[in-house]
Amino acid sequence: MANYGVIAKFESPSALLHAAEKVRDSGFTNFDCHSPFPIHGMDEAMGLKRSKLGFIIGAMGLTGALFGFGLQTWVHLVEYPLNISGKPYFAYPAYLIITFELMVLFSAFGAVFGMMFLNKIPRFNHPVFYSDKFSDVSSDAFYISIELTDPIFDENKTKSFLKEIGGTDIEVLSDEN
Amino acid sequence: MNIDPKNYTYTIDNNRNRQIFFLGLILILVSVLIGYKHQEFYFSYLTSYFFWLSIALGGIFFTLVHYAFSAVWSVSIRRIMENTIIVIPIMTILFIPILIGMESLFSWMPSNPKWSIPGSFEADHLIQHKLSFLNQEFFLVRAALYFLLWNFIVIYIYKKSIKNDTIANNSDLDKLRLFSMSPLGVLFFLSLTFAGFDWQMSLDPHWYSTMFGVYTFAGSFLAFLAFLTFTIIHLQSKGLLKNIVTSEHYHDLGKYLFAFTVFYCYIAGAQFYFIWYSNIPEETIWYLHRWVGSWKIISVLLIVGKFFIPFFSLIFRASKRNLGLLKYMSLWIIFMHYIDINFIIMPTYHHHDFHFGIYDLLVLSGIGLVFIASFRHRLSQNPLIPVNDPELINSINHRNH
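As you go down the protein sequences, you meet chains A and B in turn.
For the first sequence, the residue numbers in the numbering used here are 4 to 180.
For the second sequence, the residue numbers in the numbering used here are 186 to 586.
Just chain A, with the same shape it has in the complex (with noise of 0.2 angstroms):
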């Protein structure tokens, strides 16, 4: 049986707000909180930092945009030059179509893959799911989790502190096999 860490149950989304903050202020950085929905203000709330997907999906766009002009600047250059309507073989304007497009592919695939990365998906179970009750949070829940890797986790003060700031049915997660 080994632990993963504390979970704590609140009332509603302005409480869930106000209990990240809390557990913020006082120095966690591994915690998490889950709600059915999203809450406006909660990355601020968690203390979290901007993401960097908007750097990947640059990159990505920038990478789409040099291959497609340059795919097609080889093939009408040097594979296979083919007079299109008397057009000059590097007809560059009529380039700028297949660069956008393997641009926004290429940013898309940045979005979708750069995001599954960031967050470790695909992940098929989660410590959480060893509670019972937690399952309530894909309905009317709101429970923030403190994971037992977090530097300044301890067991005992960590669970008085998630009832001191209002938490229930705090519950520590332990593997059951």
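Bear in mind the hints are in silico, worked out from the structure with no lab data behind them.
Remember, predicted model here, so these are calculated numbers, not experimental data.
It cannot be assumed that every hint is accurate.
Unchecked claim - With a straight-line cut-off of 27 angstroms between C-alpha atoms, the simulated BS3-like cross-links for lysine-lysine are:
{"no.": "1", "chain 1": "A", "residue 1": "K55", "chain 2": "A", "residue 2": "K25"}
{"no.": "2", "chain 1": "A", "residue 1": "K136", "chain 2": "A", "residue 2": "K166"}
{"no.": "3", "chain 1": "B", "residue 1": "K427", "chain 2": "B", "residue 2": "K348"}
{"no.": "4", "chain 1": "B", "residue 1": "K481", "chain 2": "A", "residue 2": "K90"}
{"no.": "5", "chain 1": "A", "residue 1": "K123", "chain 2": "A", "residue 2": "K166"}
{"no.": "6", "chain 1": "B", "residue 1": "K191", "chain 2": "A", "residue 2": "K52"}
{"no.": "7", "chain 1": "A", "residue 1": "K55", "chain 2": "A", "residue 2": "K123"}
{"no.": "8", "chain 1": "B", "residue 1": "K191", "chain 2": "B", "residue 2": "K481"}
{"no.": "9", "chain 1": "B", "residue 1": "K440", "chain 2": "A", "residue 2": "K55"}
Start from chain A and add chain B according to the hints.
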């Protein structure tokens, strides 16, 4: 909620503002007196006139959209928009020189100097086909209709909005919402499209572009957004609108500037591609005229300056909240809009090279001074915010997520 009235009361030196106004009028008059016989003057006048007019036209669109969707975030900057569009009545009067010079401006008129050889006008098959639309009588009727519609829209919006400041109920706001959702919005778009056709596209009557109406709109709206952003930053630097317009509003204005920079590029690019692909002589010649001599530099400047520079400057979240950058970027966008209008109109006259002469300088600053002075006058007349709008508090507390 209580806001200190000092925060939204704009006071100006009325005498000085009147001097600015009359200085502008004098500059226009002087340039008319010097240049009324020259074809070049009328082209310069049309360029500068359309540049300033388009800022107000973009504003009409934004104001109508604001009301039609009952937008909340923009309530605290709404009055600035309304004060911009109310310059339309004065711009209507400034249209007169274009009527005087229409014969030298538009080569679809038989009396244009282009047709000095007898019979050459009748021999131009393409123009003969377009005469049912491009003739003097219909042109005048259309211009009258546009100005009638624009004046009606701006005066109605301005009157109702001002009236709402002093009365207890908000029935005027409901009326304005219905007004903006009425077919007038569609008519406004039609008028903008056809104004672009009439005053810019028909300068080269052989040429046509089905995208041109959207092109006019894209340029106008972008210029207006830049004007609005600059005005608000300028007012705040004078200590007004403190805590009323926040970095959240600037963030939204920055998003608009960014989005419509991309939109302009999309429209301008699409217009170019259609013409480039189809390769029809009377269409491609328009771009060919703009790819000779120093016009080539202007064309490249438009691609780089009107798209790449604002695009890469405004793409980051931090730069949309950076007032210094936003201020200079909006000035830059307004400048590029002038270059764009010049690029559309002037090659018809200056065939080989870009040229910025004394007429351009006089009328650009003359109309500009009249525009700014009447805008400042309107700003000082009423509170800078719609004090009685129930959504004002929500607009001030607006947050981006």
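Against the structure, the hints come out as follows:
no.	hint	verdict
1	A:K55 x A:K25	25 angstroms, holds
2	A:K136 x A:K166	17 angstroms, holds
3	B:K427 x B:K348	24 angstroms, holds
4	B:K481 x A:K90	20 angstroms, holds
5	A:K123 x A:K166	30 angstroms, violated
6	B:K191 x A:K52	38 angstroms, violated
7	A:K55 x A:K123	14 angstroms, holds
8	B:K191 x B:K481	50 angstroms, violated
9	B:K440 x A:K55	20 angstroms, holds
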